[in-house]
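Enquirer: Residues per chain, in single letters:
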Amino acid sequence: MSLEDGGLSRASATEPVEDVVEAASNRAEAVKLACLDRCSTMAGRDYDYPPRMRRIDWIILSILTVATGLLMYLGQLV
Amino acid sequence: MARQEMSMTEYADRETTFGIVPLLRPNRIYSTLDLLFVLGSFAIASWCYVQGAAVAGLLSLGQSLAVTFGGVLFPLFLICLIGVMSNRYGIDHWFCMRATWGFWGIAFLLLLATVASSSGFLAINADLYANSISRTLVAAGWDAAGSKWAVRLIAATCPILGFFIALRGVHAIKWATRIMATTLLLVGLIILILIFTQGDVSAMWNAEPLYGMGPADQTTYMLGAEWTVAFVFAWFAGIGVYTRLAKNERGAAWGIWGGYGIIMGIFIFIGAAAAYAAVSEGAAPTGDPTEYLLALGGPGLGTVALLLVAIANISTSAVALYGLTLSTKLLWPSLRYEWLAIAYTVYWVGLVLWGGVPEYYGTFLAVVGVINAPGVSLLVVDYWILRRQKLDLKACFDFRRPAYRYTGGINLVAVAAFAAGAAAYFLVYDPIDYVPRATSVFNIFTASGFAAIVSVAVYLGLALVPPIRRYMLRDRATEADRRELC
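Residue numbers (this note's numbering), protein chains in the order written: chain B, 1 to 78; chain H, 1001 to 1486.
All the pointers check out, no bait thrown in.
Using 25 angstroms as the maximum straight-line C-alpha spacing, the simulated DSS-like pairs for lysine-lysine come out as follows:
#1 1394(H) - 32(B)
#2 1247(H) - 1394(H)
#3 1174(H) - 1247(H)
#4 1390(H) - 32(B)
#5 1247(H) - 1390(H)
Read the hints as simulated data drawn from the structure, not as lab findings.
Start from the sequences, fold in the hints, and give me the full structure.
Expert: In structure tokens:
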């Protein structure tokens, strides 16, 4: 069975129910396998993750969060 | 057989952009500026004017400024943490949340967040779109277009037109975003210019809140803060689907901060200022930008605004439909994007025809807060504190792996913590009459903030009990399990 149409055209009243179920089942399996394959890649030691947040980013983000928290609470004095 | 394997590969590749397959580093396409533009243009939709008008109804313009930027940016830190997590793995955060809620338990929260929370904002947009068109048709002499059902039927065309754009895929979405951003920026800019040229800024700054209840006391001020915090937590459904596309974590965090924070804050404040300006010109503070432009700039500008608002709202529907449909594929990975998009469109049309969301906006924001505040906080503490930034990713996609099966696929500890947070929300705030039940607590934490704190306290408190901790951290039970974590 071809999956190029994603099984969409098979989901008609004239198609045997087994075919529709099989198409959906194959699609689910294809997606799951692709997901697990990529998860294995990421779990491997060689995978190069995107660059992490730098310490300075965390510091600036924290300072801004505290400052805006103060703004929210002190704004009622305006 | 070769043909079938090729088809499966193609299908899996397609699922990277139209589905759930994790994006590896080479697949990431958004720079920080790209993400800021995408999120910012999505965030400044017409709902900002409704939110601005709601805040202006309770607070003075100065207080609206403080509560808008403080109330938006302060809780946004939690949204940034979720965006960073999602970017790290290239996975929508709803999949990562299977660690928190269990493989099947996440369906409960996902449906609540998308069906009860995010969809409501689309109904509000469609309502504004319909009001704009209806007003113009009535002005042109077609009085029937002003009836309640005519407005609702017009509103129903917004999600339907958005559906046809979303159906064209990610490239159409890219163009929709550009059109949406340009038109919404134009509307905002025109309103801003009119406020400063037509309105008396000094009088607006010194004016009392628009609902006529006099100067805001502490409780009223915190009610404005509560509505703003709930509005920010409403982004819970649409974080990972976008930040997973960023090239690095910095891009994800600052893209959110700039887009969902600064840009959205500016537009909510424009909405508040426009409400003050429009009231001074005799219009009602409805949150409808077309009405403001009619009041401040006359019929000519109002007609231009109608076109801009209509285009922007259709584009917003398309972008939202794309994001929510991809997130919902978590529940039915094999279901085609198109079928899910149809299901959402039909639901949104039903919501628009019902017409209850704009009518009960304050209560709707309470629904948003009670769902999303515990949801956001539980995910953050689970990943960043309890699991120390390590997940068994394969278990997020494969039910046969035991790590996130918990009890029949549901983490009962997360359910208990969520329920405690929701109960705490209703203990301190009555969302029907918009009044706090426990003023002292509400005035410090807001209802959403308190719900988040209680959820976290219950979740981490239960994690201190050794048998419960083992139940929650099954993904690292053995040395072999720990090797799978990343």
